[in-house]
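Kindly produce the complete structure, drawing on both the sequences and the hints.
Protein chains in written order, with the numbering used here: chain X, 1 to 285; chain L, 1 to 285; chain Z, 1 to 285.
Each hint should be verified, as a subset may be incorrect.
What follows is a set of in silico ranges between Cβ atoms, one per label pair, in the way DEER data are often shown [stated by the list, open to error]:
1. Z:Ser-177 to X:Gly-87: 53 to 59 Å
2. L:His-234 to X:Gly-87: 51 to 57 Å
3. X:Asn-77 to L:Pro-109: 56 to 62 Å
4. X:Asn-257 to L:Ser-172: 30 to 36 Å
Which residues of chain L face chain X? A partial, calculated answer using Cβ under 8 Å [what the hints assert, rightly or not]:
5. Leu-13
6. Ser-14
7. Asp-15
8. Thr-16
9. Gly-19
10. Leu-26
11. Met-142
12. Ala-145
13. Ser-146
14. Gly-230
Chain Z is faced by these chain X residues, among others (derived, beta-carbon under 8 Å) [claimed, not checked]:
15. Ser-14
16. Gly-73
17. Thr-76
Please keep in mind that the hints were generated in silico from the structure rather than gathered at the bench. On a predicted model such as this, the values are computed, not experimentally measured, just so you know. Note that beta-carbon positions come from the ideal geometry of N, C-alpha and C, so glycine has one too.
So you can see what is in the structure, the chains are spelled out below.
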Amino acid sequence: MTRPIFFLTDFGLSDTYVGVVKAVILTIAPDARIVDLTHGIPPQDVRAGAFALLTAVPYLPKDAVVLAVVDPGVGTNRRPIAVQAGGRIFVGPDNGLLSWALAAPTETPPRVVRPTLRRPLLRLADGLSGVLLDRPDSWLPMVSASFHGRDVFGPVAAHLAAGTPLAALGSSLTSTSIAAFCFPEPDQRSSGVLGQVVYVDRFGNLVTSLMARDLPPDPVVMVRGRAINGLAEHFQVSAPLIALIGSAGFLEIAVPNGSAAALLQVGAGEPVHVGPGEASGTIRA
Amino acid sequence: MTRPIFFLTDFGLSDTYVGVVKAVILTIAPDARIVDLTHGIPPQDVRAGAFALLTAVPYLPKDAVVLAVVDPGVGTNRRPIAVQAGGRIFVGPDNGLLSWALAAPTETPPRVVRPTLRRPLLRLADGLSGVLLDRPDSWLPMVSASFHGRDVFGPVAAHLAAGTPLAALGSSLTSTSIAAFCFPEPDQRSSGVLGQVVYVDRFGNLVTSLMARDLPPDPVVMVRGRAINGLAEHFQVSAPLIALIGSAGFLEIAVPNGSAAALLQVGAGEPVHVGPGEASGTIRA
Amino acid sequence: MTRPIFFLTDFGLSDTYVGVVKAVILTIAPDARIVDLTHGIPPQDVRAGAFALLTAVPYLPKDAVVLAVVDPGVGTNRRPIAVQAGGRIFVGPDNGLLSWALAAPTETPPRVVRPTLRRPLLRLADGLSGVLLDRPDSWLPMVSASFHGRDVFGPVAAHLAAGTPLAALGSSLTSTSIAAFCFPEPDQRSSGVLGQVVYVDRFGNLVTSLMARDLPPDPVVMVRGRAINGLAEHFQVSAPLIALIGSAGFLEIAVPNGSAAALLQVGAGEPVHVGPGEASGTIRA
Chain X
1 MTRPIFFLTD FGLSDTYVGV VKAVILTIAP DARIVDLTHG IPPQDVRAGA FALLTAVPYL
61 PKDAVVLAVV DPGVGTNRRP IAVQAGGRIF VGPDNGLLSW ALAAPTETPP RVVRPTLRRP
121 LLRLADGLSG VLLDRPDSWL PMVSASFHGR DVFGPVAAHL AAGTPLAALG SSLTSTSIAA
181 FCFPEPDQRS SGVLGQVVYV DRFGNLVTSL MARDLPPDPV VMVRGRAING LAEHFQVSAP
241 LIALIGSAGF LEIAVPNGSA AALLQVGAGE PVHVGPGEAS GTIRA
Chain L
1 MTRPIFFLTD FGLSDTYVGV VKAVILTIAP DARIVDLTHG IPPQDVRAGA FALLTAVPYL
61 PKDAVVLAVV DPGVGTNRRP IAVQAGGRIF VGPDNGLLSW ALAAPTETPP RVVRPTLRRP
121 LLRLADGLSG VLLDRPDSWL PMVSASFHGR DVFGPVAAHL AAGTPLAALG SSLTSTSIAA
181 FCFPEPDQRS SGVLGQVVYV DRFGNLVTSL MARDLPPDPV VMVRGRAING LAEHFQVSAP
241 LIALIGSAGF LEIAVPNGSA AALLQVGAGE PVHVGPGEAS GTIRA
Chain Z
1 MTRPIFFLTD FGLSDTYVGV VKAVILTIAP DARIVDLTHG IPPQDVRAGA FALLTAVPYL
61 PKDAVVLAVV DPGVGTNRRP IAVQAGGRIF VGPDNGLLSW ALAAPTETPP RVVRPTLRRP
121 LLRLADGLSG VLLDRPDSWL PMVSASFHGR DVFGPVAAHL AAGTPLAALG SSLTSTSIAA
181 FCFPEPDQRS SGVLGQVVYV DRFGNLVTSL MARDLPPDPV VMVRGRAING LAEHFQVSAP
241 LIALIGSAGF LEIAVPNGSA AALLQVGAGE PVHVGPGEAS GTIRA
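Below you can see the structure in the form of structure tokens.
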């Protein structure tokens, strides 16, 4: 019985980088099952990778190995790590990539939970155990400076899939900290709540840090000087710009059959304000 | 013994949408085998998805589960369905996406057969049995408004792959009708035969509704004011524009090492006329 | 026990071409494991496919079937072949695509070795055995003019994965030759060494024909009138243009967080000169 590997990178699919990592995994663990989460994270965008993991991980099997490589610091002194959270084991660079998924509690039935991360460090306690990957005998014999997915992380994931215990792959990091990104918390104000765009998907939908429970009744969403009255139920609405609760539970801003990112010329970090609507107050579009 | 799942969407591969559906499937059916047909259907282009299925399905194993999600109406009252045709089972929205593949008889050895669909409805009779997917206990416990691939269709495909009978997943639709697209039939005229472009592939090849048997001998293909004399045998021809019978059996218009769609600035729906050539008549380029 | 299939093409992922080949394989060999190496080789770019195979193959399991289809001559008289090298078997068109991988010795532990190919022919001797694929009973019953991946190569790979011996699939080519590309050898001159760009990856990195052992100490890399002093250890360098030994062992030219191909407007074939640096001589940037 092998653990399934779920694989996320910014490698793209134009070259053989992803295929070669899979080949290395299958050489070590011929029965491993490898599922692509995505390889389309924008190059070097570690935060986008962190958000993608945050929203995907709750839906993974409980015995998943999560192999995540968005690693602009490859070849520098950033550390390679593996961390167990519940039954799942995460393998990747210690650069914040794993932090949002690790800090979010997982629930049954699955749903995305917003992580609480107010400092750029995540303490490995409370059910998290981790190791520094410092056992070269579990890697490829020759380690390049620029492709640790192939030479380090892939082999480690393969060993984990095949049943090697975490403790055999490195020195314990438990009760120390790993790198993290602060997750923007909703800023409740008298005028409403302030959040920000945290991810832009390939449709140009703007996914924000706000969840349904943060919003006032009858909300008016303000972004880049535009006001959107109320929430749509789905994307089949004839309106130039809509807001809705997306499939991950976050407020999203979308253009039906178009791209909100292109229309508004905004990306991650853009402030989004949600206030009470006409029925409740005086703000107007 | 599980049935293999063949998976087609317009989700793209930049985000984790496809990977998350696979994760949900593997949580329900850990031994399921999932093969991507494509996730590159243009967003919301249900007809392009229908054509892609029409040409792919004859080559699928007879026990395949076809999971197809091009679903601009997600969250509206369009119905989720599953339909069995021969040994294969199709899962997706009732919006015409499945109609061309379901209306085309499958043959051994495999080849693509043009469906006869003159009305926007397909009657579930003559070997087709189907169900309305109305058993929430076979879905994820929480169903979002916008991601039924993850919450409804993926779980249903997983149960089918694991051997659950179709009848356990919904109420019978047999002897009722589902949504369909009319398939353009060749219009035989005194001057020749009139068809249209039905699909544009990533090389910019224009795939038409016409098959070899529709064409006059020594054909001249007319499209957007251009005439192409005769059919090429392959793509290695030094000509600015060629016509040939493509791998799905349909007449295609192509630019060797280039894009016919870009050169002619045409897409699906563009009329294509094929008349007898110089050897047989008077039409000239 | 089936052999795993590693699959490389220029088909892209927008259409169902790749998925249909997999469906055909799984119809013949239901337990086959199919891994994508890449389907993003630029259309018809056989040399780019050859380089991709050269750098990937050393990392494949020893029992791999390599299914490679970049085949602009499909439907012409180019031959379909299968060649065994060590334990691995390669299936594809006889157009040079396989030649670099077949000419490079494989080593344990894996690393990329530069092939020696001074003539456009590769002799099948010294551990290579091959067949001309001339047994239509191992193909699909109906063979199209333009999709031999589906109709010929995919079925052959499936039979090989399922254990059919190579000799059952065609007539022996052993002690004859197949098509090859010459591989550019380093040209050692008094001023340094001259090589060329052989591949451009999706990040715009320029991969050259030169390896670490070809370079003088303290090297200065010259390309398109630009000089780069010394080799970087990784991509996290604040410089407009860097040179480093890439993960395949070849000298690469890169723009940190950018594209060297776009900056320099160069592609495969571009000359690259490497001379001794300031510490050893007088060349300056």
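Checked hints:
1. Remark: the range hint 53 to 59 Å for Ser-177 (chain Z) to Gly-87 (chain X) is upheld by a beta-carbon distance near 55 Å.
2. At about 53 Å, the beta-carbon gap between His-234 (chain L) and Gly-87 (chain X) stays in the expected band of 51 to 57 Å.
3. Between Asn-77 (chain X) and Pro-109 (chain L) the CB atoms are about 59 Å apart, so this pair conforms to the stated range of 56 to 62 Å.
4. Evaluation of the 30 to 36 Å hint for Asn-257 (chain X) and Ser-172 (chain L) yields a pass: the beta carbon distance comes to about 34 Å.
5. A least Cβ separation of about 5 Å between Leu-13 (chain L) and chain X falls short of the 8 Å threshold, and the interface hint therefore holds.
6. Restraint check, Ser-14 (chain L) versus chain X: the minimum CB separation of about 4 Å is within 8 Å; hint holds.
7. Interface hint at Asp-15 (chain L): satisfied, since its Cβ lies 5 Å from the closest Cβ of chain X, which is below the 8 Å cut-off.
8. For Thr-16 (chain L), the shortest C-beta to C-beta distance to chain X is roughly 4 Å, which falls under 8 Å, so the interface hint holds.
9. A distance limit of 8 Å between C-beta atoms decides the matter here; for Gly-19 (chain L) the minimum to chain X is near 4 Å, and the interface restraint holds.
10. Annotation: Leu-26 (chain L) was flagged as interfacial toward chain X, and the flag holds, the nearest CB pair being 6 Å apart, inside 8 Å.
11. Annotation: interface hint on Met-142 (chain L) holds; nearest CB of chain X at approximately 6 Å, less than 8 Å.
12. Taking 8 Å as the C-beta contact cut-off toward chain X, the hint placing Ala-145 (chain L) at the interface holds, the least distance being around 5 Å.
13. Checking Ser-146 (chain L) against chain X by beta carbon gives a least distance of about 5 Å; that is within 8 Å, so the hint holds.
14. For Gly-230 (chain L), the shortest C-beta to C-beta distance to chain X is roughly 36 Å, which exceeds 8 Å, and the interface hint is violated.
15. Of the supplied interface hints, the one on Ser-14 (chain X) holds, with its beta-carbon coming within about 4 Å of a beta-carbon of chain Z, less than 8 Å.
16. For the restraint placing Gly-73 (chain X) at the interface with chain Z, the shortest Cβ-Cβ distance is roughly 6 Å, inside the 8 Å limit, so the hint holds.
17. Given hint, Thr-76 (chain X) at the interface with chain Z, holds; its Cβ is 5 Å from that chain's nearest Cβ, closer than 8 Å.
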